[in-house]
Amino acid sequence: MSRTIAAALVIASTCFAADLSAQPPAISFVQPSAALPGHATDLVVYGGNLAGAASVWTTLAATAKVELTPGIEGNGTKADIVSYRVTLPAEAPVGIYAMRVATPGGISSPRLFMIDDLPTAIDNGANKTLQTAQLLTPPVAVDGACEPESYDFYKLTAAAGQRVSVEVVARRLGSALDPVIRLLDAGGRELAYSDDEGGIGADGRFAYQFVAAGDYYLEIRDIRYQGGGNHRYRLRVGDFPLANTPYPLSGQKGTTSKLSVAGPKADGMPPLNVPVPADVPGGRLAVGAKYPQGQGSAALTLFASSALEQVEIEPNDTPETATAISLPFAINGRFETPKDRDYFEIQAKKGDRYLISGRTRSMGSPADLFLRLYKADGALLVEAEDAGTDDGVINYTFPEDGVYRLMVEDLLRRGGPEFVYRIEFEPYRPGFTLVVDADKFDAPKGGVLVLKVTAARIEYNGPITLAVVGAGDGIQLANQVIPEGKPDTQLSITLPPGFEQGPCRTMNIMGTAKIGEVDFTARASTLTPLRTLLNGLPYPPAGLDGSIGLGIGPAFADFFQLAVEPAVVPFVQVVGAGAFSAKATKLNGFDDPISLAVEGLPPGVTATVAPIEKGKAEVAIQLAGPGAMAEGDHAFRVVGSAVFQNQPKKVVAAGVLRVVKPFEVTATPAGAVNRGAAQKIKITVTRKPAVTAAVSVKFKNLPAGVGVPAEITIAEGQNEVEVDVTAAADALVGPTSLTLVATSKVKEKTVTVESLPVNLQVAMP
Amino acid sequence: MHLSIGLRREGAGRIGRHIALAGLALIAALGWSSGTFAAEPAAASAEPPLEPIVVGTPEKIELYPANFKLGSTRARMHVVVSGHYPGGGVQDLTRAAEFASTNEGIVKIAGGIATPVANGQAEIVCRVAGQELKVPVEVAGQEAPERVSFNYGTLVALSKQGCNSGACHGSPSGKGGFRMSLRAYDPTVDMTTLVRESFNRRTNVFEPENSLLLKKPLMEVAHGGGRRIRKGDPSFGILRDWIAQGCQIDPPDAPICVKVEVYPRQRILHRPAHTQQLHVLAHFSDGSIRDITELAAFSSSDEAVATVDANGFVIGQDRGEAAILVRYLEKIETAYIMFLKEIPGFAWNNPPEQNYVDKFVFEKLRQLQILPSDLCTDEEFVRRVYLDAIGELPSVSEVDAFLTSQDPQKRAGLINVLLDRPEYADFWALKWSDLLRLRNNKVTPSGVHKFYHWVVNALRTNMPYDRFARELLTSAGSTFDNPAANFFRTATDTNDCTETTSQLFLGIRIQCAKCHNHPFERWTQDNYYGIGAFFNRVQRKPSARPEEQVIFVARAGEVTQPRTGKQMKPWLPLTGDADLPGEDDRRQIFVDWLVKADNPFFAKVEVNRLWGHMLGRGIVEPVDDFRDSNPPSSAALLDALAKDFVAHGFDRKHILRTILNSRTYQLSSRKNDFNKSDAKYFSHARTRLLSAEQLLDAICQVTAVPEKYAGLPAGTRATQLPSPDVDNYFLKVFGQPARETACQCERSSESNLSQALQMINGPLVHGKVRDENNRLKLMLKAGKTTPDVITELYLAAFSRKPSEPEMTAAANHVTASGDQVRGLEDVCWALLNANEFLFQH
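For the record, the sequence lines run as chains R and V. If you count the first sequence from 1, position 216 lands on 215 in numbering that gives the first Met the number 0, and the numbers rise without skipping. If you count the second sequence from 1, position 623 lands on 622 in numbering that gives the first Met the number 0, and the numbers rise without skipping.
The following block holds chain V by itself, in its conformation from the complex (with noise of 0.2 Å):
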């Protein structure tokens, strides 16, 4: 062993099978797993098939909708049925129900769905589990052909089949010399490019069918994206019609889209059930109602959790919550389905609740029928929250003290000390100069240091967050005097500032909107630019002193919005457009509206980024990313942990503690049969590697060998650099962001080998193994005994005494080494290399 370790010494900086074999072998006899990183394994992605269903004894059936009118020849609608049973489940029995017409002169059934046959009334009769409803239907327009709308129907078609989407036509270069805007965000393009473009041969108006927009689709002509249409299908007979109509563009008055509505929105499915019909429908400005359910796209936020076909047939592959999204043009809808199941053997066990945030977890677990885990114990507790809260580990006399302390309070009471120490500010702060871009390229090496202690002294006192936030949005004035202004030096221009407010305020990853509609969301290229008409009055000018500038708002200034040639009104999300007249800085009604407490956005996002960064996975993971098709894995928590927090004064520190003190947080890593394929509802303690900054203090604090910056005072902790520019090579490898972008993505948490190398045999680490005044050289030069030595080595790696077999394993292998440095020097690499280290447990 101690040879293997000895090679290892002089093989610094390469890695040999011998050294890691060998140094592994140590580790594992030391009682750990391999140093293999390890990360929260991904919960397990079945696709049973489709089962029958079981209609069971429903106590009622319900039909949707409950009447309708078919007002024109292409109108169509879905009826859905529901069962009703005892103890309140619900499931859907369309595939089970059998339907009729009462008069099928006037309209006709199949398949569940209605179609039109001549204007007049009649019934659809509905039969299952022995139970019979009727609908009422009319029947009216029949008298003409519809005209196919081109917005409505035809870029529609094109969506539903994916044809104009990023990675076909809708890229930005097209494909096959064909492009068409992104998800038809561009109508006038595209019927430009559809009609005129390539000599008028993709719609031919007399021969339809022998048209390329349908020959090509079919596959009848050689088409790169393959067959993506049939004859039979409802896209087939819009693109043939509308073609056979001369392909008309839409009218001026032309009825518009107003709203989608889906049926159901939300619903829980109890196992047997697991399928759902989707119904949508359309609104539009004419009053007119009609089913787009065919025509509709549809996708699943977690498809181990529920699939969805392109009819809107969902059917649920596990337990969990799933979000299905339904896209028509930029409308954008979405349905909330819970599937549940019985787990045989599971009981829940009704863990005490230490406040909200266990009620609404455990509710939502022992819903899922997920146990959570047990409490922590106090040693893996002191060492998560001191990483949690302040970012280093607890030293060895803190661990005694908090061990030894007999107070049945000590765990809050560690709580509040850990928030209100500077390390605290340190550590948040390092969180918040990533989102805020702090780099000598983005703000000068001067503006560095002074926008982060603006930074590490909102955090250190505090500020409520609304007040941080407006600080920030509202800044003005030098980058040097007034460091908040900084903002606007990194957000270097309207586009910038639109894009970075929305992902670390609002949550909302809003750059697709840029140059086209959102291609899976609700935000529009109007609304993009809406948002940047509350910024694009902020200008830049240089000062007198070389690296400051002064950041300012022009008294008048408009938006364009490039594709329409529009000037947009300042738009506020949810909101609509806002009239702001003058020259008053409209920052400040953006601020306004953003702190609010009833925004929907900025409270959520906050309280999430907090939670993600406790939890190791946000209630909306990633943190940052809000939009319909990520839902919350709890919104109730969501919405409580928000409440919380604007009836607090936007505290964070009162949220903070609020998660600390809860049982979720202080569950055990350790998962139960119950609760081993959950990584999303918070059933136990999510393992992960330290952060860069945090893995680096703590072999700095095992080792008790500093590391030195350069350009920064000895005693400087990688926690508290103000930016990346010291350039060390070890944060790098593990993960520390360039600050290229306000996205919380950008740091990495992903393993790679080069962490391996660096943890096994880099210089780093074996630099300060080998240091003459570590730790352990010290303990000796001080007279402790090698058992000292490795007990001290395990409180202050692990936050715990070793074991009797890890004592036995370190001491045997110091004895055995022959040499009492070199083996405890063994013993302190292992303990560095082992996961119970490297992870936040």
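The shape of chain R in the complex, shown without the other chains (with noise of 0.2 Å):
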């Protein structure tokens, strides 16, 4: 059951907002890598980015209670470690858990530890060779990790007849160490070993009765003599029971069941009476098994089922002994012995489609299941064995009513206490599986994520529409539906901008589509990125398959800026036109395309809007619209949007559309004219983009005595021209004003336009 604290979440949130990292954190190992049920464990996390990761997820129970470990000066503050407080109730059952940590950087990946009611050693690291062995006194369960091309060693120091259970957790605990554990006697021979065995895979164990008392041995390494810091184990040593999983193998929810303890060394074991839940989250129910006088638990898993279970009635190791069952159910069994088999007979109806399925070895189980299905003749209808991960499926209609009957074996002919299974009949369905490529993510603050979600569709095509269940409310999705005939889609969520950074957050992906007449749903899987995660371990516990981590980082910072170049436009009167330029400047190494929109403009003025490509960093905007518009300013902005890392971002540049005329006229005297005399004085068009033709210039208004050309023209293509202005012996002597008024054709249309005043300065001789 995952659980946050908030109230430690206060205190992240106030202590430690000037360490805060941007990267998110990343559990390295648990030291210790178990907690002791009906204590308070100090379990310190080793990692990197680990500042202000006070919040926690975990999958423990929710009578456990997580706090950062009080009394620690800079408990929490630091990158790489923080210890946590872990307190459980006595009856917390032995097992695998999971946790995560958040920080205002994100969230971690889920890291494996254990509830053991070993007590825990460390590793002192000096254990290299037999004689530098490390003490033990069982029971205890000791943390190391191996090293490359070397060896640890441990000390046992034993009375005869004593017996010993010793058992390495590696590969359960997500370690990259495939372990090897052997026992010597004092001469270094070897008196047990043991690498893998079914049903717990990688990891070893052994059980071990000493003859004489005596120093011995333990040696672990790993299978390939590799090591390091992520070849972490933990191994027990004490007197407890190597078992497998309870039989049966599942529960009915809201019952108690009663259970026996399968293994190889369970012997003894009195019963077992489990109170299954009516809400298991992932299934499946830890359940700790413990001799009556015994040090240490074995871990077992029990699959809290809805359905009716029932378990095999032995003899029924041919089809005339048969378990009769009905129709849908669950059937626990095991093969007692090697080439046991078991039969089931199922009245079945013509056309019934059933989904049989089985399930060993996902619970702890090494039965490797063969199933065959006959008519009551013996007639071999269809058999299945299971491949990869599956534990054996057949999906078969009935042809016609009638007596069926379901043969199970194991696929290698083994038997033995531990060889259990669970096969469930369930009405066929047709509908999906869905996985997520990842564990977790990570997203700004009020940013964007972006996830493949891909669908195995089983004999349905339709659309399939997408939920986030659990993260809070405030979130917006898009490309939430994988079209028709499509395997997947990249699921957009938008993040409210009020999920803070810091607390541990988790989220579902659901999908759902009408299938028929029925609702069908499917939770996403993330078993493929938790193998990976957990160096290959086929089966991580349970609560964590489908819990998806999402960590809130800081905002997104800004990855490009925006500028209208020039910032006032111009827009010419008759032409009807205008040009700028929008230029973008990147940052923290983006560099894909921006597009531009521009808004605001007046009514009629259009943009051509092209984006900002690639490896450039402005681009031209052409304006269109009314010749007529009256000369004035018009405030306009262009926006550009991009995306960078899954992160979109809109920028607003700022603008202004000068409405002008197509040309201008002014004049310029050479200087001031003398009674009698001439001056030259200049004209000069100054033309708008598109006006070229020949411009006539005239003066208007001229004053007494003063004297100009009746025609001026510029020509097509030239912008200024120089005349000689006069003044009459008697003309007024003293500062005057002349004005232009210049015509031309613009767009075939005559466009008169006049100067601003003059100066000009009548002098005397």
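Everything labelled a hint here was simulated from the structure, so no lab data went into it. Please note that the accuracy of each hint is not assured.
[As the list claims (entries may be wrong)] Once the Cα atoms are required to be at most 25 Å apart in a straight line, the calculated BS3-like pairs of lysine-lysine come out as: (1) 642(V) <-> 430(V); (2) 338(R) <-> 540(V); (3) 648(R) <-> 585(R); (4) 585(R) <-> 613(R); (5) 127(R) <-> 707(V); (6) 174(V) <-> 513(V).
Quick caveat, the model's predicted, so the values are computed rather than measured.
Both chains come to you apart, so use the hints to assemble them.
Right, here's the structure in full:
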């Protein structure tokens, strides 16, 4: 069950703001790797970017209390270490659990740890030879790590007749270690050896009874002599059963199950009475199994079922003695001895289609199920054997009403107390399964995360609608439908700004579809990324699959800026056009295209917009509109949009549209004009783009005594001309003002503009 | 001298004339032969001319067959005459005998071969050595010419001439556009080829002698294979008549050959007796018997001992035993002939026998007049037994303890100690890891380590060999949980299972029979797929863990012979088809048969393998190549070891202990005048180059500088390597196998130039000799004198102290070098390059 330490978050968000890291946290290992039931255990988490890691998510039951360990100076502020106090009730079952931590930088992937009723010792690091073996006093569990090309040695002093169980938990804790464990006598002779074992995978274990009192040694190493910080192990030594599973393998929710303990060394174990809650997250319940006077427990897993559970009735080794069952149902059985076969008799109706699925190895049983379905007359109808991680499935439509028999055996024809199985018959339904390609996602505060959701369709080809469950309110989705016939979608989740940094959040991705008249729902699995994360662990512990960590980091930094150049954009009357550049400054390695939009232009004015391409820093934008607009300024804005690392960004640049005449005319006298003399005056036309025709210029309102040419023409393509201005002998001395009137053709229209008054000084000679 | 060694160092990685000459001079000065690796000399191969027969005075003569019937126009019969002499000697007198027919109108005889004339009865009279014997003969079936059998006439004639051999038209692509099935294993195809292909030009029914099938081998038309036949040959007549008779295929009810019989089956010839005419009969399903001596093909297992011509005439060339293989289509028989001769001056010296091994070995040696060498010295023994039993040299203290022990049973005591040491398991696991193909690319890196531990554990606990085989051959489940199941991971399909199982546990190299009947042995294509039927249900599937595979046995599945399309029943050699209905794992039945006490293969193959490892040569050699044409050098010894092995519950250590305690094993490698040419009767210890791993470990031991292998803990020895994937160049150069096949032959024991370069100036040897913490440097640091160091180096390398001249030479060299350290390094280097170090002796 996931829990969040809300109270601790307050501490985190107030005390550690100065040290916040933008990188999400990562857990390397937890030491000790187990919490003790009935006690408070300080689990020290080692890793990176842990500063501010106040919030923890675990798969522990709600009765567990997890908090930052008090009394440690700076606890929670350091990047590489943080300590949590886990307080467990005495009845907390031994088993393997998971934790994540969150910081203001994001959330970690899960790391596994145990609840273990053996006290913990720590590998002293100096135990690399038989001579320097570290002394252990059982019952005890040692947390250690194998180094490359090396061994760890532990010394036991045993009494004659003493029984000891030894178990390495490494791969089951997601370690990279593939352990080999040996028991040696004082002369280095091998007394017991364990490498891999069916049901527990790569980990090893054995039970040994010492004939003679003396010193003995445990040697542990990686099968390939590999090692390092991720090659950690928990070596358990005590007097506990070596058990794989309970039997039956499943218990009905809301009932109390009476279970025996099945394993290669579980003789003498009394039955267990285990209450199965109505709600069991992940559908699997941890169960500890301990000898009445034993030292330590074996960790078992009970499948919590909603179905009616039945148990096989032996003898059922032949078709004639088949256990009769009614559909649908779930049956629990076991192959008591090698070559044991179990038969089950079914009454089925024509057209009934059932999914007959086994469950063994995923629950710790070594059985490799081989299923066969027969007609009543013994004719074989269909058979299935498991492949890969499947535990065996038959998907079959019964051809006619009648009696059928299911035969079950181990593919390798093995048997023994631990070869238990569960087979479920459920009506077949078309549908789908979903998978997500990561176990966690970190997004900027208020940002967007995109995850690929892939569907494996089972006789259903329609759309699948996705939803995010458990993360909180306010999430917005895009691309949330896997279209008909398509295998996947890139689901986009936009987080609300209210999702603060720091707390652990998890979510599930649920897919729904209407298939026929029935709603079908499936939760997306994260098994694939979990297996990668946990070094190939085939069956991660309950509660992990499908639980996706959601980390909230700092808001995403700007990654481009935008400007309009020139800031004041001329828009030419009559011509009805203008142009400017949108210029971008790309930041932080961003170089993708920026799409642009121009907003706020005067009515009738439009912009021709193209994006700023990858590798470019600007783009030219053309404006077009009516030519009859009055002169004046109009504010507008350019909106740039881009996506960088899934994070969308919009940036606005402001500009001014200035409506101007097509051309302007000015005149500049060379100097004062003396009475009776002439002076040069330069007439200049400032053409706006696209105005090139000849310009006819006249002076208007000439003062008395001042003369100019009657017709002045500035030729096409030219912008200025110089003419003489004369002053009569009696012209009025002093300053005077001239006005020019220029006329030209613009877009075949005659356009006349007047200049501003031109100052001219009439002077005495 | 020192200068030359200095050059060697400076030029490490290169070899120069100066270096080689100077280094070899040092080795010679210290008392050993040059560093040239000397393999065991092969027995001299001489071909003396056929000597005249010395008839002498036999006590009696004997004719074979004692009577016979010539039942058809094509029938012929050889008559073989044997003379029995006082003292039990026997000689073939056929070529000295005179023959006559009592009625040449009924039967004629020429050259010892009787031919029919007309129906009736007569006698063949034989006269030799003043004695006369008669053979009654019945002639029948002369009223009509006999039809030539396609299978037992035409194809046999073509086989006899070698037309369908692998080098000629029996090769997969044939020759000159003419392809026949290899040694006539597929008559149907051959019929089509001979009669239908090439526009029917190969056979001309109207003018048989104009058939290409005759003109080519007669060289009347150009023939790449040259002249293969003459008009007087029996094969010519058969082919011509078959064509003339219309190139007929045999009718469905035609009799088939059920047995071939050779006479004599066994014979011992004392020189001057040294020739033997063989006589071969074929028994057919209709009860008829034919003399096929002229049609059968003959070959000798050892042409240095005996040669055989196309007509079955055997000529002894030297002392020894030879198996003469007689082949008639897929039927094979063997005649075992021993040739003895008086060796001047030979006198059996009655060496004491330690156990039954010596009894059988010495019996054979005495018979062949080969005198065994003396017992090896304690120094030789301690070095030899350590290397053979645990793969490494004895330490100096172990040598010292052994040499100074006064216990008369100290050799036996040491053998017991060594067989109980963990290094024994490591060393023998190396050998089995070769055969089981432990390699990353075969069983994955994790799988190598898991499987390797399984093998080591089996040897450490002395798992009975029948259980060892059973656990491998019936293995199932995860290749990680049950590492023995990796057997079926390396053997990736049914064919591989068949071939690997046959080679490892039956000593049969049956690969050839996959595509056709075995060209040299009795194994047919049907046999191959019949064995495969035990394994074809083995399936492989992936598991949840990436490197893991699950081996399981399907409930159904049969093997189809690809040529005939016939569904094959499981077949057991020398037992036949097995009816195994149902879903049970057929492999169990195979293994039940395999490990039976009377199985003629299983126990022999393993004791032979053990013997081969100990003595350097198998009683059958190569050790995993049991076949009629490769007989044991001492069948009686092999039988005795196998019986002992079975009687002791397939206890390998018991057999090893027996071998190691024998005087035969403990003979010196120094030869005498009477055994210097012996290479296969174990009259002396066989010198042989140390294996790659032994040698590297030995260098490390002598120098006291261990080798480090990537990915393995410090202190791991070469003989403890789980696989060759450590990629050590030195090991590869010295023959470490890549483990691509289950054949022992993959481990090379040949010497080559690269090996010499490695030893003389390779970086590995150079580095260890120069290492600052090597044996001699540590001794010098501890204040030891030059003689102390030299003595210890000798003990470490040769398990003996230096002789006085050796000590003088070595000490003088150190003095002359002017640098004690350099001088002692030179001595150490010279010891490592001496034959006495490089070779097991």
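We went through each hint and held it up to the structure:
Of the pairs offered as hints, the one joining residue 642(V) and residue 430(V) holds, with about 23 Å between alpha carbons and a cut-off of 25 Å not exceeded. Between the alpha carbons of residue 338(R) and residue 540(V) the distance comes to roughly 21 Å, so the proposed pair stays at or under 25 Å and holds. The suggested pairing of residue 648(R) with residue 585(R) holds, with an alpha-carbon distance near 12 Å, which does not exceed 25 Å. About 10 Å separates the Cα atoms of residue 585(R) and residue 613(R), which keeps this hinted pair within 25 Å; it holds.
Restraint check for residue 127(R) and residue 707(V): the C-alpha separation of about 17 Å stays at or below 25 Å, so the hint holds. Simply put, residue 174(V) and residue 513(V) have alpha-carbon atoms about 22 Å apart, close enough for the 25 Å limit, and the pair holds.
Consistency with the previously given hints is maintained throughout, with no hint failing.
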